[in-house]
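Novice: Chains as they are written, first to last, in our numbering: chain A, 1 to 399; chain B, 1 to 384; chain C, 1 to 164.
Errors might be hidden in some of the hints.
[Stated by the list, open to error] Some residues of chain A that are not near chain B, with every Cβ distance over 12 Å (derived):
id, residue
1, W55
2, I58
3, S60
4, I162
5, T231
6, L235
7, S240
8, A244
9, G295
10, I313
11, L322
12, P362
13, G376
[Stated by the list, open to error] DSBU-like cross-link-like pairs, simulated, lysine-lysine; straight-line CA separation at most 30 Å:
id, chain 1, residue 1, chain 2, residue 2
14, B, K106, C, K26
15, B, K63, C, K64
16, B, K305, B, K106
17, C, K26, B, K67
18, B, K184, C, K105
19, C, K13, B, K63
20, C, K144, B, K184
21, B, K305, C, K26
22, C, K144, C, K87
23, B, K222, C, K144
24, B, K215, C, K26
25, B, K311, C, K87
26, B, K63, B, K215
27, C, K144, B, K215
28, A, K85, A, K99
29, B, K106, A, K155
30, C, K26, C, K13
31, B, K41, C, K105
32, B, K311, C, K64
33, B, K222, C, K64
34, B, K41, A, K155
35, B, K215, B, K98
36, B, K309, C, K13
37, B, K309, C, K64
38, B, K288, C, K144
39, B, K41, C, K13
40, C, K105, C, K87
Calculated directly from the structure, the hints in this document are not laboratory data. Where a beta carbon is used, it is the ideal one built from N, C-alpha and C, also for glycine.
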Amino acid sequence: MLQQLLDSMIADGTFGALPRDLAYLIGMVAAGAAVVFGFVLNVSGVTTFVERRVWARIQSRIGPNRVGPQGILQWLADGLKLLMKEEAIPYAADSLLFKLAPFIVTIGFITAFVAIPFSSALIIADLDLGILYITAMTSLVVVGIMVAGWSSNNKWSLIGGIRAAAQIVSYEIPAAVSIFTVILITGTLSMQGIIAQQGWGPWDWFIFHNPFTFLGFFVTFVALLAEGNRTPFDLPEAESELVAGFVTEYSGARYLFFFLVEWGNLYVISAILVTLFLGGWHVPPIPWITESAVGLNVLQALTFIGKSYLGVISIMWIRATLPRIRVDQLMTTCWKYLLPISFFNFMGTALWVLIWPAGFRPAEILLTVVGFCLVGYFFVRVAFHLRRSGAQITLSPLS
Amino acid sequence: MSVAGFEVEVDRGSGLETEEMTLNMGPQHPSTHGVLRFVVKADGEVMRRAIPDVGYLHRSIEKIAEKVGYHGFMPYTDRVDYVAAMFCNQGWGMVTEKLADIEVPKRGEYCRVIAAELNRIASHLLSVGTLILDIGAITPFFHAFREREKINDLLEELCGARLTYNYMRIGGVAWDLPPGYEDKVLAFLAQLDPMLDEHCDLVAANTIFRGRCAKVATISAKQAIAYNLVGPNLRACGVRYDVRRDEPYSVYPELEFDVPVGTGSAGEVGDSFDRYWVRVLEIRESIKILRQCFRQIPDGPVVAKVARKLKPPEGDAHIRVESARGDMGWYAVSDGTEFPYRCKVRTGSFAAMSIIEELSPGLMLADLVTVIASLDIVAPEVDR
Amino acid sequence: MDAVSIHSRLREKFADRIVSVEEAVKDPFTVVEASAIVDVCSFLRDEAELQFDVLCNQTGVDYKAAGYIEVVYHLYSYSHRHYVILKVRVPRDAAVLASVEGVWKAANWLEREIFDLLGVHFTGHSDLRRLLMPEDWVGYPLRKDFVEPAEYHGISTTRESLLR
């Protein structure tokens with residue numbers, strides 16, 4: 001899509017007499033900048049704001065509500081503050097690597113957005129190796145974290161970095177195997193191709209395709225949580241144990257980069273899950289709206305972002321609720337449980353596809369019902385807890 | 001799918017060993033609960049030894065006692081353990097009363113117990129809240145602190161201060177209960193009960209939390225007694241001993257309550273989970289005690305007549321108070337003047353701190369944080 | 001068992017190594033000879049009828065006028081629920097005493113604290129370092145003749161009053 005646009009712009013003479021390659025370069029950089037500044041940074045920023053408000057609600061606080069209406073500009077204020085802060089580099093740190101680490105992390109995170117489809121047309125590049133590309137690129141984050149941990153020349157950072165490496169490398173395996181479970185069904189690695197084979201109805205989603213993908217969804221979810229260093233797997237920066245883990249020595253803008261990645265990654269995780277299991281951008285046909293290309297794409301993008309943010313918020317909820325597991329338990333969870341389960345799913349799905357290459361409708365319907373029953377039970381529990389905790393009382397002598 | 005059914009099978013301290021790393025944890029570290037320092041000798045994530053280094057919060061309170069006189073020392077006792085200051089007030093009051101043969105009026109004793117039990121709930125809430133925070137969950141901490149804040153409000157109404165109360169006096173308490181206090185406290189207790197249920201559902205039933213606490217730093221009853229662990233830490237090891245019940249003081253003989261002990265419900269008797277669980281159960285007992293207190297409190301004066309310049313006769317006295325961190329021993333020597341000749345406080349955290357070095361070998365780095373929090377160590381109480 | 005009968009048991013066993021017994025005060029106590037403290041403590045812990053399994057408190061008191069430092073042991077028995085108080089007097093200028101760390105582990109830190117603040121040297125202690133004061137502190141702050149130094153490593157130890 002970008003190529004067509006650039007071609008037409010060159011044909012129109014927008015770039016004047018510039019050589020074709022240079023025009024492409026300028027166009028790509030401009031488009032990249034537009035995507036990064038227009039979307040990626042905002043996604044990270046807004047996610048921090050959403051997280052803080054969601055947390056505050058869960059923890060019976062108010063949360064940031066001073067900058068802008070309801071505090072929605074808080075993330076901008078925080079970002080500006082961090083950008084303007086003095087950056088300290090420890091005297092004993094490996095200065096070059098110390099400065100480089102945040103960029104490696106950021107590259108690993110931003111490049112993942114290249115292959116994330118927001119609608120049937122809105123995708124920067126629909127790579128044939130889409131999902132593999134994303135897995136590879138997000139793994140780059142671990143290199144940055146290790147470099148950060150090592151170069152800080154601080155034992156807490158070092159432990160954080162090593163923990164991150166061990167954790168992400170381990171969890172990459174169940175995540176990848178679970179992802180390939182879906183690839184068995186689709187036969188393509190392209191993100192758009194995976195989505196195209198699902199439908200708007202939950203029974204067409206791959207999560208409800210067969211019992212193995214249903215299980216695989218949870219395995220992928222857990223493994224991606226661990227890869228994104230989110231609670232209960234936030235060991236690399238376990239603030240109560242390692243002070244701040246690999247970011248202990250960072251300050252100012254470099255610190256900002258790490259946080260950008262951490263919160264942006266939430267969105268990437270959710271987007272991968274939505275693409276693979278939750279039907280991506282599919283929308284039901286609605287007269288008038290879906291008939292025009294613009295209406296269709298806007299609706300699809302909204303659906304996709306909405307589904308992703310549902311994932312983001314549930315990850316936040318998990319983070320607010322669960323304690324952190326210990327490093328030996330982390331490895332136990334991965335190697336003793338997730339890995340065998342994911343291989344089991346892989347084999348199961350392979351058999352399933354062999355028997356019913358086009359899917360087995362009754363199983364899909366049944367699983368959908370089961371899934372919705374689980375969600376329903378969840379809400380019943382929530383209602384029970386809300387009822388039991390009752391109203392808060394105020395006892396302040398001043399009130 | 002028992003993803004959460006952790007089995008902890010670490011080969012701790014044998015086979016693959018690497019160079020020892022010395023980590024300096026503290027004095028400024030997020031989870032050392034005050035200013036204290038550990039020198040940790042670690043082999044990767046597994047600790048060989050954690051050597052506590054205390055004294056960063058030493059404010060020479062015992063020396064101050066020798067300079068300020070009996071009445072004047074009362075505000076300083078708040079600073080011995082600022083998380084549960086009422087017990088320090090009570091300890092100093094009781095030891096002086098024993099030295100000088102002062103009788104506290106009944107209502108005064110009840111006021112003391114009400115204040116102390118409220119303070120115990122607050123202190124235990126802080127303890128369980130910070131334990132779960134150190135293990136990595138944030139919300140239960142806020143829930144615990146929200147409830148604690150209400151107790152702070154209640155105590156503020158009672159004595160004007162939220163942390164260092166200075167509520168008790170030698171011979172009683174400073175002020176009677178304010179009007180309408182009973183209703184407020186009972187309303188608070190009525191809503192604390194379901195909040196505790198919620199807390200238990202969220203924390204104690206959580207598999208990750210149990211996995212992090214069960215079988216971590218198990219202390220046997222024998223070990224606990226040898227190190228003089230006291231209070232909830234001792235009871236968690238299965239020793240049913242509570243100063244309030246077994247060496248009764250104040251009006252505790254008139255009150256009915258259970259003494260919960262550790263049962264090993266998550267793993268072994270005396271592990272970190274038991275220490276946490278005993279505290280939760282004690283909050284429920286304190287609620288019971290408070291309700292009885294308000295039923296039984298008699299009318300009358302709250303403070304006995306005590307000389308301004310109190311000069312207890314020569315001699316020494318030792319008393320024990322069941323503080324939130326266990327048996328707090330107060331020893332005072334009088335030489336017949338208006339200044340104490342010597343005052344010594346033996347606190348619960350002091351003993352708990354001294355056992356860490358023995359517990360540490362073989363624990364993971366993350367467990368050290370659990371151990372500090374589950375033993376409920378308050379650094380100023382160690383250093384005084 | 002009450003204090004009187006515990007004291008008589010002690011007298012029976014240790015005869016002349018018990019210096020004196022005081023029973024007419026609020027907390028009855030026994031003064032034990034310094035050389036006998038470990039034996040007395042092991043006896044109190046191990047004797048089936050006594051079983052003092054916990055060292056509640058160990059304190060030092062500096063009696064400057066009398067010229068000795070008194071180390072006070074508050075013992076308690078969880079199995080029999082009774083108390084006993086032992087006192088040991090050591091001269092101020094040669095304050096040396098055997099450690100009871102081998103009897104109760106709790107004595108480790110309590111003795112370190114007494115060493116730190118009152119300067120009683122416990123022989124046989126496994127790790128006799130200062131506990132609360134800095135390692136290089138000079139003097140024992142809880143002794144009655146301790147004079148606070150004006151500064152520590154160039155840091156003034158006094159603060160000017162803001163009221164003046």
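Novice: Work down the list of hints and note, for each, if the structure agrees.
Specialist: Going down the list of hints, with the structure as the test:
no.: 1; hint: W55; result: violated, 7 Å
no.: 2; hint: I58; result: violated, 6 Å
no.: 3; hint: S60; result: violated, 6 Å
no.: 4; hint: I162; result: violated, 8 Å
no.: 5; hint: T231; result: violated, 6 Å
no.: 6; hint: L235; result: violated, 8 Å
no.: 7; hint: S240; result: violated, 4 Å
no.: 8; hint: A244; result: violated, 8 Å
no.: 9; hint: G295; result: holds, 41 Å
no.: 10; hint: I313; result: holds, 15 Å
no.: 11; hint: L322; result: violated, 6 Å
no.: 12; hint: P362; result: holds, 23 Å
no.: 13; hint: G376; result: holds, 19 Å
no.: 14; hint: B/K106 - C/K26; result: holds, 22 Å
no.: 15; hint: B/K63 - C/K64; result: holds, 15 Å
no.: 16; hint: B/K305 - B/K106; result: holds, 14 Å
no.: 17; hint: C/K26 - B/K67; result: holds, 24 Å
no.: 18; hint: B/K184 - C/K105; result: violated, 45 Å
no.: 19; hint: C/K13 - B/K63; result: violated, 38 Å
no.: 20; hint: C/K144 - B/K184; result: violated, 49 Å
no.: 21; hint: B/K305 - C/K26; result: holds, 22 Å
no.: 22; hint: C/K144 - C/K87; result: holds, 19 Å
no.: 23; hint: B/K222 - C/K144; result: violated, 38 Å
no.: 24; hint: B/K215 - C/K26; result: violated, 44 Å
no.: 25; hint: B/K311 - C/K87; result: holds, 24 Å
no.: 26; hint: B/K63 - B/K215; result: violated, 41 Å
no.: 27; hint: C/K144 - B/K215; result: violated, 47 Å
no.: 28; hint: A/K85 - A/K99; result: holds, 15 Å
no.: 29; hint: B/K106 - A/K155; result: violated, 58 Å
no.: 30; hint: C/K26 - C/K13; result: holds, 25 Å
no.: 31; hint: B/K41 - C/K105; result: holds, 22 Å
no.: 32; hint: B/K311 - C/K64; result: holds, 20 Å
no.: 33; hint: B/K222 - C/K64; result: violated, 39 Å
no.: 34; hint: B/K41 - A/K155; result: holds, 12 Å
no.: 35; hint: B/K215 - B/K98; result: violated, 42 Å
no.: 36; hint: B/K309 - C/K13; result: violated, 45 Å
no.: 37; hint: B/K309 - C/K64; result: holds, 24 Å
no.: 38; hint: B/K288 - C/K144; result: violated, 46 Å
no.: 39; hint: B/K41 - C/K13; result: violated, 46 Å
no.: 40; hint: C/K105 - C/K87; result: holds, 19 Å
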